[in-house]
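Model the full structure from these sequences, guided by the hints.
Protein sequences, first through last, are from chains S and B.
Position 260 (the first sequence) corresponds to 259 in numbering that gives the first Met the number 0; numbering is contiguous.
Position 308 (the second sequence) corresponds to 307 in numbering that gives the first Met the number 0; numbering is contiguous.
No wet-lab data here; the hints were simulated from the structure.
These figures come from a predicted structure and were not determined experimentally.
Among the hints, a few may not be true.
Distance ranges between label pairs, derived from CB positions [claimed, not checked]: (1) R195/S x T300/B: 32 to 40 angstroms; (2) K229/B x A52/S: 56 to 64 angstroms; (3) T214/B x S215/S: 32 to 40 angstroms; (4) I121/B x R18/S: 40 to 48 angstroms; (5) R18/S x K219/B: 48 to 56 angstroms; (6) G88/B x R262/S: 37 to 45 angstroms; (7) T160/S x A262/B: 30 to 38 angstroms; (8) F127/S x T20/B: 14 to 22 angstroms; (9) T160/S x N41/B: 22 to 30 angstroms; (10) K156/S x G88/B: 26 to 34 angstroms; (11) R262/S x M72/B: 49 to 57 angstroms; (12) T272/S x I237/B: 34 to 42 angstroms; (13) F124/S x R6/B: 24 to 32 angstroms; (14) L78/S x T20/B: 49 to 57 angstroms.
Virtual Cβ for every residue (Gly too), placed ideally from N, Cα, C.
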Amino acid sequence: MIEPHLHELDVNVDERTRRFRHVVAELWRFATRRTMTTVALVILLSLLFIAAAGPLITPFGADELSMSERLQAPNPTHLLGTDQFGRDILSRALSGTRITLLLGISISGFALLVGLPLGMLAGFFDRFGLVVMRVVDAIMAFPAIILALALMAILGKPGITNVILAVGLVWAPRMIRVVYSATLTLRESVFVEAARALGVGTTRILLRHIAVNLISPVIVQVTFTFAFSIMEVAALNFLGVGIPPHVASWGGMMNEGRMYIIRAPWIILFPGTFLALAVLSFNLVGDALRDRLDPKLRRVM
Amino acid sequence: MLIFLVRRGIGLIVSTFLVITITFLLMQLIPGDPASVMLGANATPEQIEVLRETWGLNQPVFVQFFHYLSNFMRGDFGESLFHHEPVLGIISQRAETSVWLGFCALLVVLTIGIPAGVLAAIRPNGMTDNVMLVVALAGASIPSFWLGLMLMTLFAGRLGWLPSSGFTSILETGNLANLRNMILPGFSLGFVNAALVARTTRSSMLDVLQADYITTARAKGLRGRIVLMKHAFRNASIPIVTVISFTFASLVSGAVVTENVFALPGIGSLIVQSVLKRDYPVIQGIMFVVAVLYVLVNFVTDLSYAMLDPRIRYR
Chain S
0 MIEPHLHELD VNVDERTRRF RHVVAELWRF ATRRTMTTVA LVILLSLLFI AAAGPLITPF
60 GADELSMSER LQAPNPTHLL GTDQFGRDIL SRALSGTRIT LLLGISISGF ALLVGLPLGM
120 LAGFFDRFGL VVMRVVDAIM AFPAIILALA LMAILGKPGI TNVILAVGLV WAPRMIRVVY
180 SATLTLRESV FVEAARALGV GTTRILLRHI AVNLISPVIV QVTFTFAFSI MEVAALNFLG
240 VGIPPHVASW GGMMNEGRMY IIRAPWIILF PGTFLALAVL SFNLVGDALR DRLDPKLRRV
300 M
Chain B
0 MLIFLVRRGI GLIVSTFLVI TITFLLMQLI PGDPASVMLG ANATPEQIEV LRETWGLNQP
60 VFVQFFHYLS NFMRGDFGES LFHHEPVLGI ISQRAETSVW LGFCALLVVL TIGIPAGVLA
120 AIRPNGMTDN VMLVVALAGA SIPSFWLGLM LMTLFAGRLG WLPSSGFTSI LETGNLANLR
180 NMILPGFSLG FVNAALVART TRSSMLDVLQ ADYITTARAK GLRGRIVLMK HAFRNASIPI
240 VTVISFTFAS LVSGAVVTEN VFALPGIGSL IVQSVLKRDY PVIQGIMFVV AVLYVLVNFV
300 TDLSYAMLDP RIRYR
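Put into structure tokens, the structure is as follows:
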């Protein structure tokens, strides 16, 4: 007798297309609703384009040295000026976009892969949750950059993989916490109770009922993780313990420019602007998504 | 209140224990034999063996952890690999600079963040509110080290009003004028964090201002400013206190980079130097000190909740 009811719970194909159209319409409304969000989305898409196009759109090679043109102020040939080796700042800043976005995606992906399953299990099983959340709290007692620096020292050489691991391990506990608290609420909800009364197994409840409802808080947290992690990566590069210095990165450029800051402030001004714009657009999109997807979860910023 | 204190006190001890455990476990992750890693490439096998013996590395992990714990409890964090001095001594020499920096930054956070939030809440969506929203958003997106470098170019470079870097001890020289060196770092670190405090103050004030007792207070003819400060602000202060305590972690993180930008001889620049030199005992010591401070700040925050809102004590 129970079986037919279960079939009714599954969404049929027509319903799916209808829902898909609904999502597209929602996205469009979302993008056009507020000027700030639109601007943020435009910045974000341009950054994606720059990252994808890479060397195709940079006016000079990112590592092209030209000692005769060193420390030039912004001018028609070098729109954003040159650094101490005569390298074109615009080209370097543009080529730093790709590595920044790649690192941001990898780090938030890492945090998601670790945080989603652990957070769900911790929220669903009380004993396991008690242990996991204790550890999470203790890890979060270490300020982000201190933990990332220590992990870089422990992992060994500066390098892309190590940066992903170090910053990812800093942000995974924060993801666990978000997923955990959302799961706690969902677990008590009526539809989970109903599913359980119908005899649905734990695995199915977790995957079909809880995971699906976690999508909105997780998406929002991913955008914030992205914004914070690229800022942190830039700080590590700035301190000279991130990715190797020969790879053009915004943080690394600012680090190299420090010696010439009075003579040539543009070496630092422009990579910093790129970074701030990227962080700003992710924060704005995250805010808008949160307001849209989950008005109850509104954060203060 | 006593039961509340005892309960929170136990929590404090558990957290400290976990913090020590995590630093211990992290150091176990260092690839290779800790003794040879710590002594560097030039160590002789005898030296390594001696160190393994002193550290008890030949014993089971559990016993090692016990030694580690008892050393930490006695304030013995080992010796720096490069300075050959006790880690705790090195950290405490650097503490003064970091405390001054934290103090100046916090001053900026409080004097800009809270008034800005209150002002924005008086007329939501008004001119002030919108300007502050933009400033706060910018503040949250600008890296503090970049702001620091730009301020340095302007005020120390172009205008020459303020010193660009360095700091000499005020406790040793007794010269309060040295605080001039903290103006730029304190501002660049504080400003970024003031944004968050301003936003929290605003939303918390807005919540409270809608309450019935505010309407009552206004209705019985109290002046606007008294309602705002006495009735609204005190009740809005709990979320604000929370954010200020969160700010601690972000101030520490920011301080690491800011100290580096302005060449301040504090704990933040010490950890970066130690990471570059792989001076593990110092890194470990700083991690411990900072995390314990964080746990303590949370403890004090909990206590201040109980003082601001008596209802919390009985939960």
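Indices of hints not satisfied (ascending): When the structure is compared with the hints, none of them turns out to be violated.
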